[in-house]
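*Asks:* Next come the chains, spelled out residue by residue.
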Amino acid sequence: MTSISVAGSAIGPAPYIYVTTRMRVRKSKLLPREEYLRMLNMSLPEITRIIEESQYKAEIDELSQSFSGIDLVEVALSWNLAKEYQKILAITPGRLRIFLQTYLRSWDIQNVLTILRGKSQGMRVGKIKEILIPAGSLDRITLDRLLGEESPERVVEALKGKRLYPVVEKEFPAAHESGSYAHMENELYKAYYADLIETAQAGVKGGRAFLEYIQLEIDIRNLQVAFRLRQGPIPEDAREMFIEGGEVKPDELVRLAVAEASDELIETLQQRVGAETLGGLIDQIRGDAPIHAIENALTHLRLDKMTRISKRHVFSIVTILDYLERKRFEVINLRALARGKESNLPTERIQSYLVI
Amino acid sequence: MAVETMSVEVAEASARGLVAIGAGLAVGMAGLATAIAQYGIGTAAVGATAENKDIFGLVLVLTVIPETIVIFGLVVALLLLF
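Chains as they are written, first to last, in this note's numbering: chain A, 1 to 356; chain B, 1001 to 1082.
Watch out, some of these pointers could steer you wrong.
[Stated by the list, open to error] Between beta-carbon pairs, the in silico distance windows are:
#1 B/V1061 <-> A/K249: 49 to 55 angstroms
#2 A/E252 <-> B/G1028: 57 to 63 angstroms
#3 A/R208 <-> B/I1041: 45 to 51 angstroms
#4 B/I1041 <-> A/R308: 52 to 58 angstroms
#5 B/G1022 <-> A/T307: 44 to 50 angstroms
#6 A/D71 <-> B/G1057: 40 to 46 angstroms
#7 A/R33 <-> B/L1062: 26 to 32 angstroms
#8 B/I1041 <-> A/I234: 30 to 36 angstroms
#9 A/K170 <-> B/L1062: 52 to 58 angstroms
#10 B/A1033 <-> A/K170: 55 to 61 angstroms
#11 A/H183 <-> B/G1057: 54 to 60 angstroms
#12 A/E342 <-> B/G1057: 27 to 33 angstroms
[What the hints assert, rightly or not] Derived list of chain B stretches under chain A, where covered just means 3 residues or more per stretch with a C-beta under 8 angstroms from a C-beta of chain A:
#13 1037-1044
#14 1064-1077
In short, the hints are calculated from the structure, not lab data. Just so you know, even glycine gets a beta-carbon here, dropped at the ideal spot from N, CA and C.
Please model the entire structure based on the sequences and the hints provided.
*Replies:* Structure representation (structure tokens):
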């Protein structure tokens, strides 16, 4: 509370209070569960109209010249998400911004991989561009430049000097040859999480809450992979698929993934997140719930746990991340709803894919 | 050792002085407490208003609530002085 402003740096906790209050107000404007349930019973034009009348209006108006129908909804949702993230980055001061920038780098991974995959499959530039979400450190202009490159090799070259480059350069030849970027993706995420942990542990104030959240995210992600691995034969390099840095170690996860019964896996999950938060999830896992339902339940668990952490560290980065993630899932839900309705999927099926 | 004695006038004067210091402390410290309270509330109020302009009236009221602390200080100071 006593530090003094030096050349734009933060003064005491005031910026934290300011930004987290704004995030809380924004979070309260997100669509509530009832609204999704109402939308599930609507037709596609009605859903589109609701989206148009909500906070996505500006993007819908802006893009209505170039796109129409379901594509318009989808692109508008992605644009809105990217814009929202950039706006939040702009109002976030000091250390919080450093944490946030590091966290948002996951979008760079997603965008670069999308471009590489699209390019190696010979997709149209316009089509790739539609699904990019420039919410990370690579902005729209940089991504456009990457898209303009002729081949995946050139894209990798153009990344020189960026944070992702060392891993991309190392993994690209093998990935390009085999045509599968899965291994590269794993390596990129591993480097990303190692980076996040390093930033959180750098001794900067507020890092503890950040670290707590990152470890939760790593653990939930790893457990999702473990559940996924149980669906089929376990590959030899299963250990490499898990990310280091969480509370549950990769060796333990491999053992759990190959175990006959899922009881042990559930037990680990219970220990990690606390039995009281699991609730109905255990029944879902014990029963023969489809993998997407389990993943959804785990995501739900992560979001709930995240909200809990954000309530404990009220004026911290976690409150901001809590909003960012919930916003992301709002966009994912709306997209699933619109796409599902367009493909005439039954309501129950669409609902099982929503994180609400 | 000689014991210094204080004349009645001097004693009265220093008593008045101490009362004045007490009154000053009552207002000053209450003012500081108010400032600390308003610091957090004011920041949150600005953040909330930036997102939703309609609540400006409400957050303004919330921001001035800590003023009561300094009023208590003022009342104590006035009681001391008069």
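*Asks:* State the violated hints by number, sorted upward, taking the hints as numbered earlier in the document.
*Replies:* Those not satisfied are hints 3, 4, 8, 12 and 14.
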